[in-house]
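Top to bottom, those sequences are chains U and Y. Residues in the first sequence are numbered consecutively from 1, following the working numbering. Residues in the second sequence are numbered consecutively from 1, following the working numbering.
Derived by calculation from the structure, the hints in this document are not laboratory data. Careful: at least some of the hints might be erroneous.
[Stated by the list, open to error] Below, in silico cross-link-like pairs of lysine-lysine (DSS-like), each with a Cα-Cα straight-line distance of 27 Å or less:
| no. | chain 1 | residue 1 | chain 2 | residue 2 |
| --- | --- | --- | --- | --- |
| 1 | U | Lys459 | U | Lys449 |
| 2 | U | Lys315 | Y | Lys452 |
| 3 | Y | Lys200 | U | Lys200 |
| 4 | Y | Lys29 | Y | Lys452 |
| 5 | Y | Lys65 | U | Lys321 |
| 6 | Y | Lys315 | Y | Lys370 |
| 7 | U | Lys52 | U | Lys65 |
| 8 | Y | Lys65 | Y | Lys37 |
| 9 | U | Lys210 | Y | Lys321 |
| 10 | U | Lys370 | U | Lys449 |
| 11 | Y | Lys210 | U | Lys370 |
| 12 | Y | Lys52 | Y | Lys37 |
| 13 | U | Lys65 | U | Lys29 |
| 14 | U | Lys315 | U | Lys29 |
| 15 | U | Lys200 | Y | Lys321 |
| 16 | Y | Lys459 | Y | Lys29 |
| 17 | U | Lys321 | Y | Lys37 |
| 18 | Y | Lys315 | U | Lys37 |
| 19 | U | Lys37 | U | Lys65 |
| 20 | Y | Lys65 | Y | Lys52 |
| 21 | Y | Lys200 | U | Lys37 |
| 22 | U | Lys315 | Y | Lys210 |
| 23 | U | Lys29 | U | Lys321 |
| 24 | Y | Lys370 | U | Lys52 |
| 25 | Y | Lys200 | U | Lys321 |
| 26 | U | Lys370 | U | Lys315 |
| 27 | Y | Lys29 | Y | Lys65 |
Number of protein chains: 2
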Amino acid sequence: MPDLPPDEFRRLGHQLVDWVATYLEHPEKYPVLSRAKPGDLVDALPAAGPEKGEPLDLALADFEKLVLPAVTHWNHPGFLAYFATSASAPGILAELLIAALNTNGILWKTSPAVTELEIVVLAWLRQWMGLPDDNFGIIFDTASTSSLHAIAAARELAAPEVRTTGRSHRTLVLYQSEHAHSSIEKAAIALGIGQENVRKIPADNAFRMKTSELEHAIRRDLEAGRQPFCVVATVGTTSTTSIDPVREISHCTRHRGLWLHVDTAYAGPAAIVPEFRYILDGAEFADSLVLNPHKWMFTPVDCSILYTRRPEILKCAFSLKPPVYLQGDDQQREVNLMEYAIPLGRRFRALKLWFIMRAFGREGLAAIIKDQCAMAREFAEWVQADDRFELMAPVPFSLVCFRLRGSDEANLRVLDAINSQGEAYISHTVLHGRVVLRVAIGNIATSRKTLKRLWNFLKRNASSKTEGAS
Amino acid sequence: MPDLPPDEFRRLGHQLVDWVATYLEHPEKYPVLSRAKPGDLVDALPAAGPEKGEPLDLALADFEKLVLPAVTHWNHPGFLAYFATSASAPGILAELLIAALNTNGILWKTSPAVTELEIVVLAWLRQWMGLPDDNFGIIFDTASTSSLHAIAAARELAAPEVRTTGRSHRTLVLYQSEHAHSSIEKAAIALGIGQENVRKIPADNAFRMKTSELEHAIRRDLEAGRQPFCVVATVGTTSTTSIDPVREISHCTRHRGLWLHVDTAYAGPAAIVPEFRYILDGAEFADSLVLNPHKWMFTPVDCSILYTRRPEILKCAFSLKPPVYLQGDDQQREVNLMEYAIPLGRRFRALKLWFIMRAFGREGLAAIIKDQCAMAREFAEWVQADDRFELMAPVPFSLVCFRLRGSDEANLRVLDAINSQGEAYISHTVLHGRVVLRVAIGNIATSRKTLKRLWNFLKRNASSKTEGAS
C-alpha cells in the first residue's frame, strides 16, 4: 500500500479539521502580517528533500513551527490590505472534496460534473448580477488569466489573421484607464499587442476614465492608420475602487465594433445587492466581463470567472482540432471547455461556488457585501470627522483611501506601525502624488470591532506621529 | 456570524473526512467513467440559485445524489485513460490547509511562506531529478500555462522588440515534433507567433522527432529570412510517451542561440528513479522544462512546474513596474514571483508538494513510479504473447499502446465495452492511421489486480469481437 492507509487518512484528517476549526475560531492568535524576514523559511528547512518517507505528523509539526510564522493570514479579520479574499467554511469544505475526487474537466466526458456544475453555478450568478442571459461563463485561476482570454478574443474578432500569421494587417490598439489593473498591460504584452499600443486614458478627479479622452485617443489612432480593437473599463479599480462610466464607454465601442471588456474582478459580486445593481449599468453591452469570487464571494483562491457574450469568438481564438485522445463526441449539449481556454486541465472549482451559493443564498451574500460597504462608509465618516485625517477618494464599495494630514513619511510610519503590531494589515497607494493608506474591507470575519480597534490605533499614532497637525 | 459557526465547520468537516476516507478505501463502489448523458446534471439542478441560504447538509446530500453520478473518477484505480492523475492522501490533506489559510503569494511580503516553500520544494525536486542547480522554478496551474510562459521567454530573448511594439523584425518560427502536445501550438497562437509559423517536425517510427528534419527546417527558415527562436522537445509524448532526442536537438539549438524548451509534463517525475535519469539526457542544455506533479507525482490538480535557467529573461518578458500597492521591498532574498508570471494570484500549492515529498520521500516516490513502469511492461508482455493483439509503440514509461488485430471499428467496440462496464476507463489514439488503445498506468491505487481484470476483460472481448483473428 503505497499511499497512507485509510485509517491514517482518517486520523490525520480529523486532526486537521480540528486544527482548522480552531484556526477559524481564533485567528487573532497569529499576527496578520508575517514577521518573517526574507530567507527565514528557506534557511529553516533542509537544503535537500528526504530520501525516505516520514510520518506525516512530522511535516504537520514543522508546518506549525516553521511554516505558519512565515504565513500572512489572508483569512484573518484584520486582513485589510488587499481585496477581500476570505475562504468561508463552505468553500474550505468543498476544497477537501475537490482534492479527494481530483476529477479533471478537460473535456465534458472526462468528468461531466465539472463542466455542467460550472454551467449551472455561472448561470445562477449571472442571474443574481443581472447580466444578460446570452453570457457564457468559464472559470479560470485569476483575473489576469481571464482578461488575457478576453483580450485574445477581442484580437480574434478584430484581426483573425493574427491566429494564422502572427501579424495583424494594421497595428492593434487597446485602451484602458490610467487606473486599470496592471494585468491588462501584461496581457497585451503576452499576446503580442505591444506595450506602446496600450493607451492609458486619463481619469477624472474621482479616478474614472474620461470618455472624451478615450474618444480622442481612438480618433487619433484611426487617423494614424492604426486599428483600435479593445477597450477595458474597470468597475472597482484596484487603487480606489472607482467606477469607469461603462455606458458612456460603450457608446465609443459599439458603433465601431470594438470589444468592450469590463474588469470588475473585485467589485462584480456587489451587483448581487439590488442597491448596487447600478454598477453594471452599461455592462449589458460588454463583450466580456471578469469577476473573482476569490475576491469578494468568500471563495478560497483561486477562482476567477470570465463571462462573454461572444463565446464563438473565444472558441475561434483558442480551439484546435484536438488530437484523437482529446476528441469529444461533439453533441449539442456536450461543451468541451478546453476549446475556450489556454489551460487544458480544469479543477472542479465549480463545486466550491455551488457550496457557497447554497449555504449563503443570494440574500446571505448580499447582506455580507452590503454590510461591508456600510462598514467602509462608517470608517470614512470617522476619517472625515477627524481633522488630523483626510479622505482621498470616494467610497463606492468597501475600500477606504485616506491619509494623515502631514508628510508621506509620516503616513508610511503609521502604515508600518499598524502592520507590525499584528492586529491588522493595510496597504498603501499613491494618489495625486501623495501616499495614501488603503483599508480594504472584505474578509468575512471582519467586524466593526476590528475596524474600531484599527481606528483607535490610527488616532493614537496620529497624535504621536503627525508633523504639524494637531 | 455570517459564516458557518466553528462547531458546524467541525461537525461537517469530520463528516467529510469520514466520507473521503471511505471513498479512498472503496473507490470501486463507483463506475470509473460517469454514465451521465450530456445535460443530465444541468437538468437535475434548479435553473436559479437559492434566495436564502440552506443548511450545507442539503448541498452535501445533493452532492452524493446528483453530482457524484456525473463525476468521472480520476482517483479510481481503474482510471487508465489519461496520465496518471491521482491525489494521494498527503496531497488531499494539504489542500484542506491551503484552503483554510487561503494565503496568496502575490508578492513575497503578501505571504513569505508561499514563495519560500515554493523555492525549497522546487530545489529539492530539481536535485532529485538531477537538473542543473541554476534552474529557477515556479509553479503554474497546468503545463499549457507553463509552456506558454516558456515560449514567451523564448520570444523575449529572440525578439525583445515584440514586448514594446507587438511586432518582431523578422517572422519568428517555433519547432516541435508532430507528436508534441497541442498546448504548444495553442501557446504559439495566443502569443501571436501564428499557427503557420509552428513547424511540426516529422517523427521516426518510434514517434521521436527526427533531428535531421529539424535541422533542415531551421535552415530553410533561415534561408527564407525568417527567425527560428524556439524548439520544443517532448520527453514522454501524450500519444505514446516517446522521447525526443533532447541531446541531439540541443546541438541544433545551442550554437544558434535558440531557446530549447523540454515538455516533460507527464514523464518528468520518472527522473527521480535512478534508472530513468537517462530520460533527461541533454536536458542540462534546456532553457526551460515543464513537469506536472499533478500527472505523476500523486499531487491533486492543479500543479505544474516550470524550470528555467534563464529566469532573468522570463522576468524581462513579464515584469512591469508595479503600482505602489504591489511594490515589494526589492531586497536580495525577496523574490516576487508575480514578476515572472502572467497570473498575479498564487495559491499555496507548494504546501501539497512539501507534504507529498516528505510523506513518500524520494525513495517512496521512485518505488511507485518504477513499479508502475514495471506493470506497464508486464501488460505489454501479455499483449505481445497473445496473437489477437499487437503492441503499437515502445513502452518506455507507464503507457501501453496496443490494438486488437482487426478493424478500427472492432477496437472502438472493445474500447466502448471496457469504458461502459465501470471497472476501468481507457482512451485511444491514432498511430500510423489506425485506432490504438491506450492504457495509462499512474493512479497510485492501481495494482496488478486492476490490470489483470482489465486484461481478462480484453481477452474475453477479443474472442467475441475480432473479425477474422482467432
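Problem - Holds or violated: lysine 370 of chain Y to lysine 52 of chain U, with C-alpha atoms at most 27 Å apart - result: holds (16 Å)
Handout entry: Straight-line alpha-carbon gap lysine 200 of chain Y to lysine 200 of chain U, limit 27 Å
Key = violated (39 Å)
Problem - Given pair status - lysine 321 of chain U, lysine 65 of chain Y, alpha carbons within 27 Å - result: With a Cα-Cα distance of about 35 Å, the restraint between lysine 65 of chain Y and lysine 321 of chain U is violated, given a limit of 27 Å.
Practice task
Measure nothing beyond the straight line between the CA atoms of lysine 315 of chain U and lysine 210 of chain Y; if it is 27 Å or shorter, mark the hint as holding.
Solution key: violated (33 Å)
Practice task
Decide if the proposed pair is consistent with the structure: lysine 200 of chain Y and lysine 37 of chain U, CA atoms, cutoff 27 Å inclusive.
Solution key: Status violated; Cα separation ~48 Å.
Problem - Pair hint outcome, lysine 37 of chain U versus lysine 65 of chain U [Cα-Cα no greater than 27 Å] - result: Between lysine 37 of chain U and lysine 65 of chain U the Cα gap is close to 15 Å, so the pair holds against 27 Å.
Exercise for the section: With a cut-off of 27 Å on the C-alpha distance, tell me whether lysine 65 of chain U and lysine 29 of chain U pass. Expected result: holds (14 Å)
Exercise for the section: With a cut-off of 27 Å on the C-alpha distance, tell me whether lysine 210 of chain Y and lysine 370 of chain U pass. Expected result: Given pair lysine 210 of chain Y, lysine 370 of chain U is violated - Cα atoms ~62 Å apart, limit 27 Å.
Exercise for the section: Quickly compare the C-alpha distance for lysine 459 of chain U and lysine 449 of chain U to 27 Å and report which way the hint goes. Expected result: holds (15 Å)
Practice task
Verify the proposed pairing of lysine 210 of chain U with lysine 321 of chain Y, using a straight-line Cα cut of 27 Å.
Solution key: holds (24 Å)
Practice task
Take a quick look at whether lysine 29 of chain U and lysine 321 of chain U sit within 27 Å of each other, Cα to Cα.
Solution key: Measuring from Cα to Cα gives roughly 54 Å; hence the hint is violated.
Exercise for the section: Compare the distance between the alpha carbons of lysine 315 of chain Y and lysine 370 of chain Y with 27 Å, and conclude whether the hinted pair is satisfied. Expected result: Roughly 36 Å between the alpha carbons, so the hint for lysine 315 of chain Y and lysine 370 of chain Y is violated.
Going down the numbered hints, you'll see the structure goes against 2, 3, 5, 6, 11, 12, 14, 21, 22, 23, 26, while the others check out.
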